[in-house]
Amino acid sequence: MNLTLRVWRQKNAKTAGQFVTYQARDISSEMSFLEMLDVVNEELIKSGEEQIAFDHDCREGICGSCGLVINGTPHGPLAATTSCQLHMRFFKDGDTITIEPWRAAPFPVIKDLVVDRTAFDRIIQAGGYVSVSTGGAPDGNAVSIPKDDADKAMDAAQCIGCGACVAACKNASAMLFVSAKISHLGLLPQGKVEADHRVLNMVAQMDEEGFGNCTNTGSCEAACPKEITLDNIARMNRSYAKAIFKSKLS
Amino acid sequence: MAASAESMQASSRGLILRLWRSSIGKKYVMAVTGLGLFGFVIIHLAGNLQIYLGPNAINAYGKLLKSNPAVLWSARFVLLAIVALHILTAIQLTKANRKARPVKYAAGKPVASTFAQRTIVISGLIILAFIIFHLGHFTIGFVDPQLLEYEDILGRHDVYRMMVTGFSNPIISIFYIISMGLLLLHLSHGVSSLFQSLGLRSKKTFGFFDKLAKGAALVLFLGNCSIPLSILLGIIK
Amino acid sequence: MSITLESKIPSGPVGIKWSKYKQDMKLINPANKRKYDVIVVGSGLAGASAAATLGELGYNVKCFCFQDSPRRAHSIAAQGGINAAKNYRNDGDSIYRLFYDTIKGGDFRAREANVHRLAEVSVNIIDQCVAQGVPFAREYGGLLDNRSFGGAQVSRTFYARGQTGQQLLLGAYQALSRQIYAGTVTMYPRTEMVDLVLIDGHAKGIITRDLITGAIESHSGNAVVLATGGYGNVFYLSTNAKGCNVTSTYRAYKKGALFANPCYTQIHPTCIPVSGDYQSKLTLMSESLRNDGRVWVPKKEGDSRHPKDIPEGDRDYYLERKYPSYGNLAPRDIASRAAKQVCDEGRGVGPGGRGVYLDFSDAIQRFGQNKIEERYGNLFEMYERITGENAYDQPMRIYPAVHYTMGGLWVDYELMSNIPGLFVIGEANFSDHGANRLGASALMQGLADGYFVLPQTIGGYFATQKNGKYSPDHAEFKQAEAEVRARTNRLLSIKGKRTVTEFHRELGKLMWDNVGMARTEASIKQALERIPALRQEFWENVNVPGSGDDLNPALEYAGRVADFLEFGELLAYDALQREESCGGHFREEYQTEDGEALRNDEKYAYVAAWEFKGTDQFPALHKEELTYEEIRMAQRSYK
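Protein chains in written order, with the numbering used here: chain X, 13 to 262; chain H, -19 to 217; chain R, 504 to 1142.
Rather than coming from a laboratory, the hints here were simulated on the basis of the structure.
Ideal placement from N, C-alpha and C gives every residue a C-beta, glycine not left out.
Accuracy of the hints is not assured; some may be wrong.
To be verified - No more than 30 Å apart at the CA atoms, straight line, and that leaves these computed lysine-lysine pairs for DSSO-like:
hint, chain 1, residue 1, chain 2, residue 2
1, X, K164, H, K184
2, X, K182, H, K194
3, X, K182, H, K43
4, X, K23, H, K89
5, H, K84, X, K258
6, R, K998, X, K58
7, H, K84, X, K26
8, R, K998, X, K23
9, H, K183, X, K254
10, X, K164, H, K191
11, X, K182, H, K79
12, H, K84, X, K23
13, X, K182, H, K183
14, H, K75, X, K254
15, X, K159, H, K184
16, X, K182, H, K84
17, H, K84, X, K104
18, X, K26, H, K89
19, H, K184, X, K182
20, H, K184, X, K254
21, X, K159, H, K183
22, X, K164, H, K183
23, H, K79, X, K23
24, H, K75, X, K182
25, X, K58, R, K874
26, X, K58, X, K23
27, H, K184, X, K26
28, H, K194, X, K164
29, X, K164, R, K1012
30, X, K23, R, K1000
31, X, K164, R, K1028
Unchecked claim - Chain H side only, calculated, beta carbon under 8 Å to chain X, not exhaustive:
hint, residue
32, K6
33, A70
34, P82
35, S173
36, G179
Unchecked claim - Pulled from the structure, derived: some chain X residues nowhere near chain R, Cβ distances all over 10 Å:
hint, residue
37, R18
38, Q30
39, I57
40, P89
Given the sequences, and given the hints that come with them, work out the whole structure.
The following block contains the structure:
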């Protein structure tokens, strides 16, 4: 199939970007979306132009590197699918596809479709862990954990940190990402010990980074390739209230 | 630079201030004030529906409300404060949200959000304009000062006649009905959203709160609209 | 420089070597630890766990990764699980059994002492990860669940759904994040190591390229730890991430570190086949699929009928036929080679004839689709997402692909290479898997090295060293920087006609066809003949657009492929000299009548460690003889 691509090109963070139109010719429906971009890039390189820069690595939907806004939707039209796992059979010959980077002030564009997501790392650094050092951990079976809790924690822990939730949100809110980590750790006995500190610190860092507020629209949940759900945000809101009132009392 | 919760704890800033400074805290303010206003709207409607019981009932109710100026003014003051806080918080949140997302996408439509969700700020703003008009109409009297001067045979303010006369104007009634439509829109997202913001919603209760919000908003809409409609249709005269 | 391979294995029975080592080890005063700068390259399971633990101990750590975040390293893609000798199932597992299985699985080409230590610390890893909040699968009673994996006779594999690697990596990433916040670790994401700097024969720092600004920078330290993963992408198509590369370890090799056993490459039998020339990578599907799927191809060559139209009589269930007792569960290498063989005979299926069927229809009939969905639902979904085919309705197509590389930089018992101060951990070293790795052991080794082994042994090195760190303005750094800049400029100035991808693809095909899952002397020699020519063409005719002063994916890629073009040759030399078949190295000349790998323990029970002698020069081979004190070598049989 042949496609027309409108791709956001931007030399670096300081210069303004614009859409550039490219033709993608002889695209197989078996290709992944990124392989289609590879084909376009090969042609660009051969004509001496710089390739379209986009983040990608594992190409199997788990590393969280890739992230393209395809026709206005983060990771494209297919639910629960990262950009790398989206295949061209979901497009038709002659389609025009608009490809943009994640748009959010805390995710500044580095180049073309590549954005800086280190804000997420800083949020985790502020408290997204259990403070145990290597060595001295009790036996793995010393504390039993109800299967249901472990399963729920795992549901939340599946987050790949791609940032699609922020990209989808009209307010660029990071609450789904932050709440997934708070839920994952807060649901486990090991993580409960410092749950209050964690939620206060992570939320403070999230605000510091300039992410917007949750207006409970659910766009994040719809865009999430790992199907992280909104009830994590409710859980975080609850934990935050508990933590802030407790910290006042103590 | 990382903001440390410990350092915040160590300082003497109050709980309110800390809540006010955090995104989630502001959402609590939005939710709690929203809940207060939602409660008011329900009581307001319950009071007004007494119009169906005839002039005596609603005029007595009107007199009761005004019988103790201290209570009346405290209530008014609290309500005003809640409204002000709700609006102030909304402005701050909206500003922060715009700042967080300065560039819109060139293509496509918004992901998975409903019309009510996307228009909550607009619906809120129009409702505010409506409230000002409504107060002017039936409380302060700058629309038609005469309305506030009607008296019934017992010398009470004739609320019944005020409403009948007030809603006899089809343009005003239509404006009321449209505004109630916007309130429906606002509450259908706002009420379920407030439970989410307060962390009271879970996967299991998600659908329940959603239905509760939509149901309550609809009941309020129908109840509120029934009054001008009944008047226009001559059911109440 | 004369090289002696001293493995530094502590004396005494294998079971007490590690305890004895720790007892005898010299320690660093806690107050002095912050004076030691440790450079950790890579942030996967090994790198992140090492950086975090070193930070916790009080060292001053700098950690580098080329991805935008340390959370993205390719350890994240591991699906199956992690082994540990916990014996929670009371099924007869023990540290000794895990040790034995690993040695045997590695076809008796690993060091006993290292492997025993790995089995010992495996139990600590699980405890550590649970304490970190890794959500391992649990039973209804609340205890940890286990499963049997990769043909093991005991259930010792811990898992977190099909995302064990992700959860373990996030655990390590979070521990690392905690140290970054505490200020003990400085993280450098989007920064690639491009050279190793030696001063007076010791590793004292690295040269990096900032991938956003293009800045070439020197980082000095008291020691350098490489945790940069494997070299599977030398085959172009592999299950590795696109960014995985050999550059760090190869640069260290060029600076004098020995590269050990590069010919040991593991092929995974259940990957989704190539669908076209544009294919950028291969996707692995959990081996567990073979528990219920039956592997077959048409009996006739070129049978192009739809699989459902091929009657039972015209199908060849070749694994069941050849290996009646193990059948479809035959070990990875055997299943892989058998698939290659039937495809070579022209009986392969799917595009290009490089695929075999994995058929679930019998299992669906026996257990019902619900049961199969419950077991493999996510894998079937993944398969459909990629191929557009519904595997409940028609058989899956699978084909082997390169998955893991057992070879790596040579290290001693302390995980230090022959260059003092250069430590190598995780997949990047050669040490624990011998010629073949057991399923669910990669995660175990990465974390064992990072959490428990290296943080101990590196202290031992510091305690015996007088010379500290140097200024990054030292002449050796400046010279290395200049060389890196010159190389970058050279790549940018060629402006030829072919893209980097084209060269990489050609190299990959050459390697896969000639030094892939089955090799012969002739095929290896053919590869050795063609690689230098391809390399020469690369340096004359590659086209790398853009500049070196900003984010330039083509330039990054060119640097990596340039190293693969040299490394491929080294891999081939190693495959050529090892005139036997063992584990992940199969020479067609050396097989039993049943097509089993035929080892030659008399001549080849050694580690082949290669010394760089110059590009286009034959490298020098050093041998570390492997002595087995605990375990007797035996030929495996899966008939």
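Practice prompt. Output the numbers, in ascending order, of every earlier hint that fails for this structure.
Written response: 3, 5, 25, 27, 29, 31, 33, 39
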